[in-house]
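Whole structure, please, built from the sequences with the hints as guidance.
Protein chains: 2
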Amino acid sequence: MESKDVEPNLYDRNCGSRQVLDRIGDRWSVLVVLTLADGVKRYSELAQRIDGVSQKMLTQTLRGLERDGLVSRTVHATVPPRVDYALTDLGRTLLPLLSSLQAWATGHLAEVEAARTQYDTRP
Amino acid sequence: MESKDVEPNLYDRNCGSRQVLDRIGDRWSVLVVLTLADGVKRYSELAQRIDGVSQKMLTQTLRGLERDGLVSRTVHATVPPRVDYALTDLGRTLLPLLSSLQAWATGHLAEVEAARTQYDTRP
DNA sequence: CGGGATCCCGTAGGATACTG
DNA sequence: CAGTATCCTACGGGATCCCG
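So the protein sequences, as listed, match chains F and L. For reference, each letter of the first sequence is one residue, going 1 to 123 in full-length UniProt numbering. For reference, each letter of the second sequence is one residue, going 1 to 123 in full-length UniProt numbering.
Just so you know, these hints were derived from the structure itself, not from any lab. The model shown is predicted, which means the values in this text are computed figures rather than measured ones. Note that beta-carbon positions come from the ideal geometry of N, C-alpha and C, so glycine has one too. Heads up, a few of these hints could be off.
Stated by the list, open to error - Selected chain F positions facing chain L (Cβ under 10 angstroms, derived; list incomplete): (1) L10; (2) C15; (3) G16; (4) G25; (5) V30; (6) G52; (7) K56; (8) Q60; (9) E66; (10) R67; (11) D68; (12) R82; (13) D84; (14) L98; (15) V112; (16) E113.
Okay, structure coming up:
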């Protein structure tokens, strides 16, 4: 099969789908999107909620998500300034997947940790 | 079900669930697991299939997945040596999620790229 | 063939200070 | 408050050599 309908190959480093996957796979992106799951959040709320993220990384992550059309950014011309972030429709389509991921992570945490200790304590 | 249910907080950097998520979110881990979806693979097969991965990263990724109990590693004492990698039962439970992720990436690729160009070409 | 060990570089990413 | 700008370090990750 070699039509122009290239059937996106995730394993090809030049394929766009891989870049999309990279974004999804990003540490902070996942956490940001999940945080925005329950509605609009301000910059400071995000920073507060997501433990360990530096403002540089948070800003960078938000820009990336905004660029990819997953998150919308709304600036209110007030004093003090206020910026709201929310999921776009596209971003919302990603939500079920990330929730599943979250569920898997918490649900299988015990097994993973067990595997780790077993791996670490062996000949 | 027990009283110890601290309800794993993904947003706490010290919570194990976040480390699990980090592993899943890893660039190469996802691709390796997906590659192993259709059965046992040798080291060289993986290296060949996954474009752009260095052997160092491949080895490192495989070790990580093995440690977390997602992938099994079988060494055959032959000459030349032969090492087989396969998903464990635990690893297989992750498969549907990653497939969904893959589907999302390819399915929404166009929208994401559109959003990008729009973002890049604006005041 | 499947990696372990080294060397080395680029950059991701943290801390801090400054601005609109 | 919500960033940008700067500096600086750690580490991701590539290339190379070598061994079981």
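Here is how each hint holds up against the structure:
Given hint, F/L10 at the interface with chain L, holds; its Cβ is 6 angstroms from that chain's nearest Cβ, closer than 10 angstroms. Taking 10 angstroms as the C-beta contact cut-off toward chain L, the hint placing F/C15 at the interface holds, the least distance being around 9 angstroms. For F/G16, the interface hint holds, the least distance from its beta-carbon to any beta-carbon of chain L being 5 angstroms, beneath 10 angstroms. Contact between F/G25 and chain L, as hinted, is supported at the beta carbon level, the nearest pair being about 4 angstroms apart and thus within 10 angstroms.
For F/V30, the interface hint holds, the least distance from its beta-carbon to any beta-carbon of chain L being 6 angstroms, beneath 10 angstroms. Given hint, F/G52 at the interface with chain L, holds; its Cβ is 4 angstroms from that chain's nearest Cβ, closer than 10 angstroms. Interface restraint check for F/K56: the shortest CB-CB distance to chain L comes to about 16 angstroms, outside 10 angstroms, so the restraint is violated. A cut of 10 angstroms between beta carbons decides the hint on F/Q60: the least distance to chain L is about 14 angstroms, and the hint is violated.
A hinted interface residue such as F/E66 counts as satisfied when its beta carbon comes closer than 10 angstroms to some beta carbon of chain L; here the least separation is about 7 angstroms, so the hint holds. Residue-level restraint check for F/R67 holds (minimum Cβ-Cβ distance to chain L is 4 angstroms; threshold 10 angstroms). The beta carbon of F/D68 comes within 5 angstroms of a beta carbon in chain L, closer than 10 angstroms, and the hint placing it at the interface holds. With a cut of 10 angstroms, the hint placing F/R82 at the interface with chain L is violated, because the nearest CB-to-CB distance is about 21 angstroms.
Annotation: F/D84 was flagged as interfacial toward chain L, and the flag is violated, the nearest CB pair being 18 angstroms apart, outside 10 angstroms. Proximity of F/L98 to chain L holds as hinted, the smallest CB-CB distance being about 9 angstroms (cut-off 10 angstroms). For F/V112, the suggested interface contact is upheld, since its CB lies about 5 angstroms from the closest CB of chain L, less than 10 angstroms. Given the 10 angstroms rule on beta carbons, the hint for F/E113 holds: about 6 angstroms separates it from the nearest Cβ of chain L.
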